[in-house]
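K.L.:
What follows is the residue order along each chain.
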Amino acid sequence: MIEQLPIVNLLLLLLTALVIPLFKKKNFKVTLSLNFAVLLIVWSISVYLLYYVNTEGAFYYRFGNYHPMIGLELLIDPFSTLITFFIMTMVLLIFVYSTSDASDGIHQREYGRYYILMFILLFSMYGIIYTNDLFNKYVFMEILSITTCSIISIKRKKQNYAAAFRYVMLNEIGSLSYLFGVALLYMVTGFTNIELVGQQLETVWQTHPTNIIIAIGFMIVGLGLKAAIFPFHIWLPDAHASAPSSSSAILSAVVVKVYLMVFVKILFRVYGIDILDALNIPSMIMMVGAVGVVMGSFFAIAQNDVKRMLGYSSVAQIGYIVIGIGLASYVGLSVAIFHVFSHGMMKTVLFLSVGAVIYQRKTRLITSFNGIGYLMPISMGAFFIAAIGMIGIPLTSGFISKFNLGIAALEGGSGVYIIVLIASGILNAIYYLPIIIAAFLRDNPEKQTVLSKDKVPILMLAPIVIISLFIVGIGLFPNGLMTLIEQAVNTFKV
Amino acid sequence: MNDIIVRSITRIVIPFVMLYGIYIVLHGHISPGGGFSGGALVGSSLILYTLVFGVDKARKKFSHRVSEIAESGGILLYLFVGALGIILSGSFLSNQSAGFPMGELGSLLSGGVIPILMIVIGIKVASTMISLFHILIEEEK
Amino acid sequence: MELLKDVLDHINFIGAVALFVIGLYTVVTHSNLIKRILGINIMGTAIFFFFIAVGNVLEGAPPLIDPDGNSEVVFINPLPSVLILTGIVVVVSITVYSLSLVVRIYETYGTIDQKEIAAIQKGEDYSD
Numbered sequence: 041m042i043e044q045l046p047i048v049n050l051l052l053l054l055l056t057a058l059v060i061p062l063f064k065k066k067n068f069k070v071t072l073s074l075n076f077a078v079l080l081i082v083w084s085i086s087v088y089l090l091y092y093v094n095t096e097g098a099f100y101y102r103f104g105n106y107h108p109m110i111g112l113e114l115l116i117d118p119f120s121t122l123i124t125f126f127i128m129t130m131v132l133l134i135f136v137y138s139t140s141d142a143s144d145g146i147h148q149r150e151y152g153r154y155y156i157l158m159f160i161l162l163f164s165m166y167g168i169i170y171t172n173d174l175f176n177k178y179v180f181m182e183i184l185s186i187t188t189c190s191i192i193s194i195k196r197k198k199q200n201y202a203a204a205f206r207y208v209m210l211n212e213i214g215s216l217s218y219l220f221g222v223a224l225l226y227m228v229t230g231f232t233n234i235e236l237v238g239q240q241l242e243t244v245w246q247t248h249p250t251n252i253i254i255a256i257g258f259m260i261v262g263l264g265l266k267a268a269i270f271p272f273h274i275w276l277p278d279a280h281a282s283a284p285s286s287s288s289a290i291l292s293a294v295v296v297k298v299y300l301m302v303f304v305k306i307l308f309r310v311y312g313i314d315i316l317d318a319l320n321i322p323s324m325i326m327m328v329g330a331v332g333v334v335m336g337s338f339f340a341i342a343q344n345d346v347k348r349m350l351g352y353s354s355v356a357q358i359g360y361i362v363i364g365i366g367l368a369s370y371v372g373l374s375v376a377i378f379h380v381f382s383h384g385m386m387k388t389v390l391f392l393s394v395g396a397v398i399y400q401r402k403t404r405l406i407t408s409f410n411g412i413g414y415l416m417p418i419s420m421g422a423f424f425i426a427a428i429g430m431i432g433i434p435l436t437s438g439f440i441s442k443f444n445l446g447i448a449a450l451e452g453g454s455g456v457y458i459i460v461l462i463a464s465g466i467l468n469a470i471y472y473l474p475i476i477i478a479a480f481l482r483d484n485p486e487k488q489t490v491l492s493k494d495k496v497p498i499l500m501l502a503p504i505v506i507i508s509l510f511i512v513g514i515g516l517f518p519n520g521l522m523t524l525i526e527q528a529v530n531t532f533k534v
Numbered sequence: 061m062n063d064i065i066v067r068s069i070t071r072i073v074i075p076f077v078m079l080y081g082i083y084i085v086l087h088g089h090i091s092p093g094g095g096f097s098g099g100a101l102v103g104s105s106l107i108l109y110t111l112v113f114g115v116d117k118a119r120k121k122f123s124h125r126v127s128e129i130a131e132s133g134g135i136l137l138y139l140f141v142g143a144l145g146i147i148l149s150g151s152f153l154s155n156q157s158a159g160f161p162m163g164e165l166g167s168l169l170s171g172g173v174i175p176i177l178m179i180v181i182g183i184k185v186a187s188t189m190i191s192l193f194h195i196l197i198e199e200e201k
Numbered sequence: 338m339e340l341l342k343d344v345l346d347h348i349n350f351i352g353a354v355a356l357f358v359i360g361l362y363t364v365v366t367h368s369n370l371i372k373r374i375l376g377i378n379i380m381g382t383a384i385f386f387f388f389i390a391v392g393n394v395l396e397g398a399p400p401l402i403d404p405d406g407n408s409e410v411v412f413i414n415p416l417p418s419v420l421i422l423t424g425i426v427v428v429v430s431i432t433v434y435s436l437s438l439v440v441r442i443y444e445t446y447g448t449i450d451q452k453e454i455a456a457i458q459k460g461e462d463y464s465d
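Chains as they are written, first to last, in the working numbering: chain A, 41 to 534; chain B, 61 to 201; chain C, 338 to 465.
Source of the hints: derived by calculation from the structure; they are not laboratory data. Zero decoy hints are in this set.
Derived SDA-like pairs: lysine to any residue, alpha-carbon spacing no greater than 20 Å straight-line: (1) A:K64 - B:A130; (2) A:K197 - C:R441; (3) A:K198 - C:T445; (4) C:K452 - A:Q199; (5) B:K117 - B:I74; (6) A:K305 - A:G97; (7) A:K198 - C:Y446; (8) A:K198 - C:Y434; (9) A:K533 - A:L319; (10) A:K533 - A:L236; (11) C:K459 - A:A342; (12) B:K117 - B:R67; (13) A:K195 - A:Q400; (14) C:K459 - A:T403.
None of these values were measured; they are calculated from a predicted model.
Here chain A stands alone, though its shape is the one from the complex (with noise of 0.2 Å):
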């Protein structure tokens, strides 16, 4: 029975996303009930299948009973189970959110279609961290590129639509390209299972080196463009300036962090780490990372937008999580991963507080803040936690991340990149403090100086107040997570 699990986990999704047109002439309430419902069971297996596989093992499912050679198999082991834990966590709190704030803008009979669209994209990520085939992570990429973009555009406006384009022009050319090194590697060892290529691997290195590296090269630029790595990152900020709130929150905390976990799949268990140090790639990775950081934040200064800041603010933060990859050492992944948890949330309550702000005040202005203060004081505190989370101040998780990625690469050899760190803490804080400062200490159109609760619905403020208690929980307490998250990487073989 406890097999059948992850099955049961992704038929759930699929059966719900299946089930909620039906329900198209009842009261909107009955359906929001039933997504909610199924949310919670989803997340509850997901939590019992990590307690599961840390206490017992992994294991293998496999499709129709056929061996790998020719059948498709889900892995379950402690990375998988930990990355589905955390998506479900983040989307069930952005689900809560979304209940008030989706209404807001989007027409009536669309509602349901915005719950079908996040239901497929909550089937795709999970299928994707779940599945052991090169080709099966191929079809389930391209599913969540689709809805992700279906997601983003719903809004009927002017802007959506060219953003949306160029955002399915270059995710296209992304998947395209990680297919044909898929294709490749087929070439070269005559399997599409990620355990039975790595193993082939090792051996056809030294007889087909060229095509090796040409699947490497075409693999990293694909996983590159739909992750937001710097040269690539160019649809990141146009796709977050006129979404909903809730859906720039999954697409920037959420999916893209699936693609980078895809990409140390693909680094670590694919290639192994013999063949990257033979071609020099965590060095090039690394220097790409750095790169990102610095100049994501510099795009970021210049931007009257406040979603287009948080965009590019994404970039740079992203271009962290590279350098943890590219450091190939036990320490850089885990810190990796704990940055990936550690962005999730806070990048989710800054989008959902500004949210909050926009649906308050209707504009996207960063002069719109001015005093904003007195009026939101709930939705300032979350985005005050958060931002001086992003900036790394102790107290939070982003400092756990920074102050371990500097310990990291100091122990790698690489101790160069603690300047790159510094700058960016400085180049973060010249973003964000001045949205902060307006907010609190200007003079706002109303012209008033006392605090008073937020006029928001509750649903909105939950959401956010509970993740901000998680970014200082886990800022004083990090030792749980730490341990999870070494079991994970223990599977790798760095």
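Given chain A, work out where chains B and C should sit, using these hints.
P.N.:
Chains B and C alone, transformed into the frame defined by chain A:
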């Protein structure tokens, strides 16, 4: 279109195209093809009907309700067959190890559960093609 | 002569890579949106062509078993064709999605040329 030659020839040709598509779907486990290509053929014949006779007549023959039932019913049947595999043998979509009758090599009723899946995929692909074409055409009005 | 013989032996793979580069060039340089969608289709077709060329065995028969015939025949690899069927469906669905976006862009902007759309988009507003 108002041309009489096009209309008469289309009326004669469409049943043959549909028959060929259904033949490819049903023989998916014996010869190349299967659900996707056969479904695309059936869908193309319906698109040909829409192009020649106009969207309104085609809408009456293949309304929104029919395509909804075809698509949702298709997926639910596919998942039901997969779940049968879980109950009978412990793994999603198991065929031979779940004990479905395999038949003899090369005959039409062989291969366990594969013909059912091919028919489901064929229906779903055909209905997807025709409903997407209708949605794109109707935007101009 | 050696080079010519090598090229002719591997002409399938060279053709697939050439198609991929032609498709990529079309997506990157042309400004008409429909031509970009065609470029993505060409790239996808090139990759499927590469897959089939990988699975080819010289002097092989199609992978269909004849129950009464000789059982010592060399077949070509049937696995790539199955992978490609799925891949074709994926590329078709992406094409349909992009085409519906182009229809919407034409309704709102009145043009499907990327340069003219960028010129219209310069006056962007920040309201939500």
